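Build the full structure now, drawing on both the sequences and the hints.
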Amino acid sequence: MGLLDKQFQNGNVLVTSLDTLLNWARLSSLWQMQWGLACCAIEMMATSASNFDIMRFGVIPRATPRQVDVLFVAGTVTLKMASRIKRLYDQMAEPRYVLSMGSCANCGGPYWEHGYHVLKGVDRVIPVDVYVPGCPPRPEALLEGIIKLQEKVRKESLVKKSA
Amino acid sequence: MTAEQVFTSLKAKFGDAVLEAKLDALQPWILVVPERMKEVALFLRDDPAMQFDYLMCLSGMDYNDGKLGVVYHLFSTVHRHKIVLKVQCAKETPHVQSVSAVWGTANWHEREAYDLLGIIFDEHPDLRRILLPDDWGGYPLRKDYRVPEFYNGVKVPY
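Protein chains in written order, with our numbering: chain A, 305 to 467; chain B, 1271 to 1428.
I should point out that these hints are in silico values taken from the structure, not numbers from a laboratory.
Please note: incorrect hints may appear among the correct ones.
As the list claims (entries may be wrong) - 30 angstroms max Cα-Cα, derived DSBU-like pairs, lysine-lysine:
#	chain 1	residue 1	chain 2	residue 2
1	A	K384	A	K459
2	B	K1425	B	K1413
3	B	K1308	B	K1352
4	B	K1413	A	K384
5	B	K1356	A	K452
6	B	K1425	A	K456
7	B	K1337	B	K1361
8	B	K1308	B	K1281
9	B	K1425	B	K1361
10	B	K1308	B	K1283
11	B	K1337	B	K1308
12	B	K1337	B	K1292
13	B	K1308	B	K1425
14	B	K1361	A	K384
15	B	K1292	B	K1352
16	A	K384	B	K1281
17	A	K390	B	K1425
18	B	K1356	B	K1337
Values in this document were obtained by computation on a predicted structure and should not be read as measured data.
Given below as structure tokens:
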């Protein structure tokens, strides 16, 4: 079933399911909490800039957890930072999503063995929806991650609890 | 002033406090006892022929033979000469005189050396951890440091 189940002749009435409408609204305005921690932040900034223009996906960078839908963890998460990430994630309103950007946030990256202070993957403290691999990922990869997240949101349902 | 001249005048002034030197190194260094480091530092800063007014770097060391150490890279903006000072101390009693009253730069550098290697700088005005969280256990850049299994309930090893 697509977004528009039936379109009436006068053009002012649309018929769709509530799920589709809500999901469409959510996936079209994924406001982003910017969490630039390392070099991934530079690629995140490049994605926000005019060449890649993250806003065409409805992603708007915000600086407070109260106003966001998706948390971009871009960079190396230290153990000191882990508790802060957890706290700000808890302050986000539901539905909330997490996009882990780059090898460090995914699994510890180059610090997996000798990084005594590095959290080996942000999914040890908060649940992650989309992992974007790369060190750092190119802006195209981050955009692909956003599209993957949008696909995930599109499949959600009010009655069926998502995982 | 050459490193040899610096060593000779230090030796003449402080005698036993100056232990040894390696003057043919790329960066010639002089080893000093940690209990008299501040005196030596003040002399190097204030003597008109020396005027080492700039502490370029202060590094902590673990020599992995039961000794910890601190390395001071000094530069004089007046005479444009350089020297490296070293001190060593036992791992069980890692006490070194603070030079943060001599060069303000040393304040945070000494806190970092304390944070990561556990070198205690006597008379430091504010010797707290600077990078790691306050509840961190141990000194991670020591060669015998082992990563804990958990930190605040989060698994640490890969």
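Practice prompt. Enumerate the violated hints, using their earlier numbering and listing them in ascending order.
Written response: 1, 5, 13, 16
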